[in-house]
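Q: Sequence:
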Amino acid sequence: MTITHTQKIWGISILLVCSVIGISLFFYFKKTEKPILLEAETIVLSQGNTMRFDGDVTEWMQERPTYTLTKKSTDSRDGSVWIDQTEQGLVIAGSVMGGAPDWPKNISNLTFKDHIEVWIADNQPLELPDIGWGHQFGHPTLKSEEECASEDVGSFSLADVESCKTWFRDQVRYRDSFKKLFQRQWQIAPDVQAEVYATPAYQTLKATSSTMSIPSEQSKVALLQPKATSFSTRFFETEQG
1 MTITHTQKIW
11 GISILLVCSV
21 IGISLFFYFK
31 KTEKPILLEA
41 ETIVLSQGNT
51 MRFDGDVTEW
61 MQERPTYTLT
71 KKSTDSRDGS
81 VWIDQTEQGL
91 VIAGSVMGGA
101 PDWPKNISNL
111 TFKDHIEVWI
121 ADNQPLELPD
131 IGWGHQFGHP
141 TLKSEEECAS
151 EDVGSFSLAD
161 VESCKTWFRD
171 QVRYRDSFKK
181 LFQRQWQIAP
191 DVQAEVYATP
201 AYQTLKATSS
211 TMSIPSEQSK
221 VALLQPKATS
231 FSTRFFETEQ
241 G
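When the count follows my numbering, it moves up by one through the sequence shown with no breaks and lands on 241 for the last residue.
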């Protein structure tokens with residue numbers, strides 16, 4: 001990613017080792033010291049071209065950007081983003097014009113200071129079966145908690161109706177967290193990065209399952225724990241005439 005202000009260019013390249021179908025990228029920038037560069041390496045891109053994984057996006061500028069950043073306000077920045085798939089994973093490079101970023105130095109202020117944000121998700125929405133409310137007379141499904149009072153659902157007392165409604169509300173909350181496990185949101189800066197979408201959702205599910213008396217439910221939730229994704233970044237600042 002390259003950020004330009006007057007005669008400066010800031011650059012970053014990101015290599016994500018993962019498999020994706022759909023991807024959305026968001027960039028947030030607000031003075032900082034020049035970042036320390038790590039040793040560069042050569043990456044072979046999908047078309048056989050090569051790039052130096054050093055944060056400098058000069059070689060990318062010969063190609064048409066995958067995305068062109070659109071200004072949402074007069075304070076927004078122009079920029080371009082390139083994406084390619086390699087044998088090692090996904091490569092994201094970009095160039096953004098503007099003042100030097102105020103990068104965070106620790107996790108606690110990562111969200112509130114300038115950072116790069118990368119979202120990755122399947123481009124097909126996750127479909128889940130209807131919420132069920134089974135009993136000895138059948139296995140009806142629910143579209144809303146109001147259906148708990150329906151004769152078709154088989155609630156024979158006010159207590160049954162309230163239990164059904166509580167179950168439905170709990171399942172809605174559970175599914176909201178569950179769906180987040182199929183997306184990733186990384187906030188990235190030179191000195192710190194974190195996945196801030198699926199990981200908190202998993203912790204919520206884990207806390208919920210720990211209150212359940214069904215061991216199988218707890219073991220199923222454990223299988224959903226987001227794994228650490230291997231990725232590297234390179235930030236770069238050069239002079240521009």
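Treat each hint with caution, since some may be false.
[Said to hold, decoys possible] Pairs of lysine-lysine residues, derived as DSSO-like cross-links and limited to a Cα-Cα distance of at most 27 Å, are as follows:
no., residue 1, residue 2
1, K105, K179
2, K220, K113
3, K206, K220
4, K143, K179
5, K165, K179
6, K143, K113
7, K165, K227
8, K220, K105
9, K165, K143
10, K179, K220
11, K206, K179
12, K206, K165
13, K143, K220
14, K143, K206
15, K105, K143
16, K71, K113
Simulated from the structure, these hints should not be mistaken for lab results.
Q: Now look at each hint and say whether the structure bears it out.
A: A quick look at each hint next to the structure:
Distance check on the hinted pair: K105 and K179 sit about 31 Å apart at the alpha-carbon level, beyond 27 Å; violated. Of the supplied pair hints, the one linking K220 and K113 is violated, its CA atoms being roughly 37 Å apart against a limit of 27 Å. Annotation: proposed proximity of K206 to K220 holds, straight-line Cα distance about 10 Å (limit 27 Å). This hinted pair checks out: K143 and K179 have alpha carbons roughly 18 Å apart, not beyond 27 Å.
Proximity of K165 to K179 is assessed by CA-CA distance (about 21 Å); at most 27 Å being required, the pair is judged to hold. For the proposed pair K143 and K113, the alpha carbon gap of about 42 Å is over 27 Å, so the pair is violated. Distance hint between K165 and K227 is unfulfilled; the C-alpha atoms sit about 34 Å from each other, more than 27 Å. A distance of roughly 36 Å separates the Cα atoms of K220 and K105; the hinted pair therefore is violated under the 27 Å criterion.
The hinted pair formed by K165 and K143 meets the criterion: a straight-line CA distance of about 11 Å does not exceed 27 Å. Between K179 and K220 the CA atoms are separated by roughly 15 Å; this keeps the pair inside 27 Å, and the hint holds. Pair hint K206 plus K179 holds up; C-alpha atoms about 14 Å apart against a cutoff of 27 Å. Distance hint between K206 and K165 is fulfilled; the C-alpha atoms sit about 22 Å from each other, no more than 27 Å.
Note on K143 and K220: the hinted pairing holds, with a Cα-Cα distance of about 25 Å set against a maximum of 27 Å. As the CA atoms of K143 and K206 are separated by approximately 25 Å, the hinted pair is consistent with the 27 Å bound. Taking the CA atoms of K105 and K143, the gap is about 46 Å. The hint is violated against a cut of 27 Å. Note on K71 and K113: the hinted pairing holds, with a Cα-Cα distance of about 19 Å set against a maximum of 27 Å.
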